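Enquirer: Start from the sequences and build out the full structure, keeping to the hints where you can.
Quick note on numbering: the sequence shown equals residues 1 to 101 in the UniProt record's numbering.
Heads up, a few of these hints could be off.
[Claimed, not checked] Taking CB as the label site, the calculated pair distances span:
#, residue 1, residue 2, range
1, Arg57, Ser12, 17 to 25 Å
2, Pro24, Gly75, 31 to 39 Å
3, Arg43, Val23, 26 to 34 Å
4, Gly75, His25, 17 to 25 Å
5, Pro24, Trp64, 19 to 27 Å
6, Gly85, Lys39, 14 to 22 Å
7, Gln82, Lys50, 16 to 24 Å
8, Val14, Asp52, 21 to 29 Å
9, Ser12, Asp52, 32 to 40 Å
10, Val23, Glu74, 19 to 27 Å
11, Val51, Thr26, 17 to 25 Å
[To be verified] Capping the alpha-carbon separation at 30 Å, the derived lysine-lysine pairs in DSBU-like fashion look like this:
#, residue 1, residue 2
12, Lys27, Lys50
13, Lys39, Lys27
14, Lys39, Lys50
Quick caveat, the hints were computed from the structure, so don't treat them as lab data.
Treat the numbers as computed from the prediction; the structure is a model and nothing was measured.
Cβ atoms here follow ideal geometry from the backbone N, Cα and C, with glycine treated the same way.
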Amino acid sequence: VTKMEEAQSQPSVVFLNVASSYVPHTKVECHYNLPPGMKPSTRDWIGIFKVDASSVRDYYTFVWGIVPDGGASEGTLHCSVQFQGRYVSSDSEQIHQSIHG
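Expert: In structure tokens, the structure reads:
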């Protein structure tokens, strides 16, 4: 089992409205839901990976997750982060897999 497979076997974070491509050098907003029982942490991060990534260390870029006011919730928790345009390069057509770490 690779580290990427191990990360993907954890309780699933659901990414919402993921586009098939993005305009290079524009801001990308990433919305996602944490499932019930998953507690947000200041160590959470969202990464953008190339499709053929084999490890959680093979990220193209990442941003730290924001712990919502009120912390953990008993239900689904909606979160979002933004990737600034300067970090979304013209190679982005090859990058479209997101992982919550």
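Enquirer: Can you name, in rising order, the numbers of the hints this structure does not satisfy?
Expert: 4, 6, 9, 10
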